[in-house]
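**Student:** Protein chains in written order, with this note's numbering: chain G, 44 to 199; chain Y, 9 to 290.
In case anyone wonders, no lab produced these hints; they're calculated from the structure. Backbone N, C-alpha and C define an ideal beta-carbon position, used for all residues, glycine too. The reader is advised that the hints may include incorrect statements.
Stated by the list, open to error - So, partial list: chain G residues that the calculated Cβ filter (under 7 Å) puts toward chain Y:
#: 1; residue: V111
#: 2; residue: T113
#: 3; residue: E147
#: 4; residue: G153
#: 5; residue: L155
#: 6; residue: C182
#: 7; residue: T186
Given next are the chains, with one letter for each unit.
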Amino acid sequence: MHRWHKTVVVAAAVVGAAGLAVALRDPSATDQKMTLTAAPGADGTNPVFTVRGAAVEDLYPGARRRLVLTLTNSSNRDLVVTGMHARLTATSKPGCEPVVSNLEVGAYTGALPARVRARGSREAGAVPLHMPNTVVDACQEATFTVLVTADAVAAR
Amino acid sequence: MRRRHARTGQSFRFLRSPLPFVGVATALAIGTGVAAYGDWDVGADEAQFTVHAASIPRMDAPAVTLPGGQPEITADGIVVGGPRIEWDRVSIAPGTPVQRYVVTRHLGPIIQVACDVPADHRRCVDENAPAGYLATYTVAATYGSFWTGVPSPESAPVPLPGEAAPIVVDGVVMVPGGDGSTLVPAPGVSASAPTGIVVVPQAGTGDGKPAAEPVVSASASTAPGQVQQPPVHKPPAPPEESAPVPDSGKPSSSAPAGDDENEGGTQKDTPLGSAVDAVIPG
Numbered sequence: 044m045h046r047w048h049k050t051v052v053v054a055a056a057v058v059g060a061a062g063l064a065v066a067l068r069d070p071s072a073t074d075q076k077m078t079l080t081a082a083p084g085a086d087g088t089n090p091v092f093t094v095r096g097a098a099v100e101d102l103y104p105g106a107r108r109r110l111v112l113t114l115t116n117s118s119n120r121d122l123v124v125t126g127m128h129a130r131l132t133a134t135s136k137p138g139c140e141p142v143v144s145n146l147e148v149g150a151y152t153g154a155l156p157a158r159v160r161a162r163g164s165r166e167a168g169a170v171p172l173h174m175p176n177t178v179v180d181a182c183q184e185a186t187f188t189v190l191v192t193a194d195a196v197a198a199r
Numbered sequence: 009m010r011r012r013h014a015r016t017g018q019s020f021r022f023l024r025s026p027l028p029f030v031g032v033a034t035a036l037a038i039g040t041g042v043a044a045y046g047d048w049d050v051g052a053d054e055a056q057f058t059v060h061a062a063s064i065p066r067m068d069a070p071a072v073t074l075p076g077g078q079p080e081i082t083a084d085g086i087v088v089g090g091p092r093i094e095w096d097r098v099s100i101a102p103g104t105p106v107q108r109y110v111v112t113r114h115l116g117p118i119i120q121v122a123c124d125v126p127a128d129h130r131r132c133v134d135e136n137a138p139a140g141y142l143a144t145y146t147v148a149a150t151y152g153s154f155w156t157g158v159p160s161p162e163s164a165p166v167p168l169p170g171e172a173a174p175i176v177v178d179g180v181v182m183v184p185g186g187d188g189s190t191l192v193p194a195p196g197v198s199a200s201a202p203t204g205i206v207v208v209p210q211a212g213t214g215d216g217k218p219a220a221e222p223v224v225s226a227s228a229s230t231a232p233g234q235v236q237q238p239p240v241h242k243p244p245a246p247p248e249e250s251a252p253v254p255d256s257g258k259p260s261s262s263a264p265a266g267d268d269e270n271e272g273g274t275q276k277d278t279p280l281g282s283a284v285d286a287v288i289p290g
């Protein structure tokens, strides 16, 4: 047995141990952070997940509501949602501006990361909404658009 | 030297076993697998959701009744204990009544607030109705600092008892028309010289707040026939949902009746919508 044999063996042991450790860790911790692109993955799949929001009606001055989100993973691999962000972007009525004095959109309140099993679905927190007393009269019967952005990674 | 050779021999002895090579193969397999997952992108575009604000429902036309018995007219030409206006209470959302009701008196083109009362009321008395005129009334619900409902349709015309005199409303001098139903500007009459002219004040709120000052203008600069908008009333800000409602109270079968006998008004609910979906393609 030569000295290079010894080196190879040690290196193999280190790599093997590292690989094993990576494999045995919590999958959510080992998932790769994916870029926010719609490009198909290397395996040719085009993963899709659906965010469903429960209807929110009857906002009026002083009212507090929650936009409850449900995530559905239609792909054949688990997904781990690592971030969820929401912001107010538009309203349906002139004179009712999409500003915090008309509607406050709070920070997402669910636990993250949230794992969504392959072909599975789960409720995943909510976005709190508050219509302050400063809301103007023009906002009566207005429809507010809330933009939600999700960060997700593929899981093993 | 012999000891070193002996240690070297022991060190390489395990290489005779296949285990190290199995370990290397396993590590390579795991590494390859992780790399494959790392190349798998997940799309996460923005998703739009819509949420909906309520609105104050438009109320039905109020019912107006004149006080019974012999009408009493003040020296200022105001009907004492004037018309009683009644309405059905409404809600802004299921279980959430509006906060105030504003009743407006219409004397032809002249519009004035007759009553401004909390939500536990369902009637009020116009304490400033001018005698001898034909009046109609509308009612609108309000909520919060800025939300006001669309005024109801006008009530049936009510002929106010007594003899009509020229009046000044919002700086405009008016007299009844030939049949008492039409108000026309009095030619050559100035509001700045109101001798013999009745000044019709705005109503105060009906919940103990002082009445507003009369709205007669010192000058007659307002064009005859010009419609004056009622003053903007700013009731207290509504409470947050977790706090009790101090001003309105929620009408229910067990709620106090306020100042009248007409308890248990109709409530109108805002319809519920359906869920909304957003698909985030990958």
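**Student:** All the hints need checking, so say for each whether the structure fits it.
**Tutor:** Going through the hints against the structure:
1. For V111/G, the interface hint is violated, since its Cβ never comes within 7 Å of a Cβ in chain Y; the closest pair sits about 10 Å apart.
2. For T113/G, the shortest C-beta to C-beta distance to chain Y is roughly 9 Å, which exceeds 7 Å, and the interface hint is violated.
3. Taking 7 Å as the C-beta cut-off, the interface hint given for E147/G is violated, the closest approach to chain Y being about 12 Å.
4. This hint is violated: G153/G has a C-beta 15 Å from the nearest C-beta of chain Y, more than the 7 Å allowed.
5. Given the 7 Å rule on beta carbons, the hint for L155/G is violated: about 13 Å separates it from the nearest Cβ of chain Y.
6. The beta carbon of C182/G comes within 5 Å of a beta carbon in chain Y, closer than 7 Å, and the hint placing it at the interface holds.
7. For T186/G, the suggested interface contact is upheld, since its CB lies about 5 Å from the closest CB of chain Y, less than 7 Å.
The structure fails to meet hints 1, 2, 3, 4, 5 from the earlier list, while all remaining hints are met.
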